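Just so you know, the protein sequences line up as chains A and B, in that order. For the first sequence, the working numbering assigns the number 238 to the initial residue and increments by one for each residue that follows. For the second sequence, the working numbering assigns the number 0 to the initial residue and increments by one for each residue that follows.
The hints are simulated quantities; they were obtained by calculation from the structure and are not laboratory data. Since the structure is predicted, the reported quantities are computational estimates derived from the model, not experimental observations. Here a beta-carbon is modelled for each residue, glycine too, at the ideal position from N, C-alpha and C. Errors might be hidden in some of the hints.
[Claimed, not checked] Taking beta-carbon pairs under 8 Å as the criterion, some of the chain B residues facing chain A (in silico): (1) ASN31; (2) TYR33; (3) GLY42; (4) LEU43; (5) LEU89; (6) ARG93; (7) GLY97; (8) VAL98; (9) PHE101; (10) GLY102; (11) GLY104.
Here is how the chains run, residue by residue.
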Amino acid sequence: SQQGEEDPQALSIQEGENATMNCSYKTSINNLQWYRQNSGRGLVHLILIRSNEREKHSGRLRVTLDTSKKSSSLLITASRAADTASYFCATDAGTGRRALTFGSGTRLQVQP
Amino acid sequence: SQTIHQWPATLVQPVGSPLSLECTVEGTSNPNLYWYRQAAGRGLQLLFYSVGIGQISSEVPQNLSASRPQDRQFILSSKKLLLSDSGFYLCAWRGGPGVLTFGAGSRLTVL
Chain A
238 SQQGEEDPQA LSIQEGENAT MNCSYKTSIN NLQWYRQNSG RGLVHLILIR SNEREKHSGR
298 LRVTLDTSKK SSSLLITASR AADTASYFCA TDAGTGRRAL TFGSGTRLQV QP
Chain B
0 SQTIHQWPAT LVQPVGSPLS LECTVEGTSN PNLYWYRQAA GRGLQLLFYS VGIGQISSEV
60 PQNLSASRPQ DRQFILSSKK LLLSDSGFYL CAWRGGPGVL TFGAGSRLTV L
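For reference, chain A alone in the conformation it holds in the complex (with noise of 0.2 Å):
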């Protein structure tokens, strides 16, 4: 089942400005993480942060947990066209299986 939800499906924006993509989840989570994928290619990881951690930055990336309402944010600033890609999310509830439940994505058009 899908652990993380993210919001919205789609995005189109020019380049420059900010992408903020959101997440949301169902159960207990250790860490959530962030992934990009390129069309037709695997996935790449782009940040974590732990369930005790509230904001986290990379770059021009900043992503932000609220474990009391389960849900986490994306943002992407000063967008490129480059950033063209589906990201998601992805959780990490630090059960045996040791396996990280991903959302169904959000696609980012960046216009040139």
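Dock chain B against the given chain A, drawing on the hints supplied.
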């Protein structure tokens, strides 16, 4: 450094034919390995995971099976493919902090 190889990249198979997708990891030992499937425009569904040689856990009852004959080799198989087996199959291994590293994927079309 660790790398993950997955093949074939693309295949088209008739209904009822067998399937074998292979994944190998280099630069690490005793990795946790995973097979995910992604339907067109959708998220990833966990199919199998393995914490060691010969140890396979299945997440979803289906027409597929997995095997881990060697420490860094993970194979996804089917004896008879169904149309519903079409999709993008991704192998991944889990690093120390819990981050997954994915292969490039195998796109399967069953006709």
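Each hint, compared with the structure:
1. Taking 8 Å as the C-beta contact cut-off toward chain A, the hint placing B/ASN31 at the interface holds, the least distance being around 6 Å.
2. The interface hint given for B/TYR33 holds, since its Cβ lies 6 Å from the closest Cβ of chain A, which is under the 8 Å cut-off.
3. A cut of 8 Å between beta carbons decides the hint on B/GLY42: the least distance to chain A is about 4 Å, and the hint holds.
4. At its closest, the beta carbon of B/LEU43 sits 4 Å from a beta carbon of chain A; the interface hint therefore holds under the 8 Å criterion.
5. Nearest Cβ of chain A to the Cβ of B/LEU89: about 6 Å, under the 8 Å cut. The hint holds.
6. The beta carbon of B/ARG93 is positioned within 8 Å of a beta carbon in chain A (closest approach about 6 Å), and the interface hint is therefore held.
7. Because the smallest distance between the Cβ of B/GLY97 and any Cβ of chain A comes to about 5 Å, under 8 Å, the interface hint for this residue holds.
8. Restraint check, B/VAL98 versus chain A: the minimum CB separation of about 5 Å is within 8 Å; hint holds.
9. This hint holds: B/PHE101 has a C-beta 4 Å from the nearest C-beta of chain A, less than the 8 Å allowed.
10. For B/GLY102, the interface hint holds, the least distance from its beta-carbon to any beta-carbon of chain A being 5 Å, beneath 8 Å.
11. Taking 8 Å as the C-beta contact cut-off toward chain A, the hint placing B/GLY104 at the interface holds, the least distance being around 5 Å.
Hint check: no violations occur; every hint is consistent with the structure.
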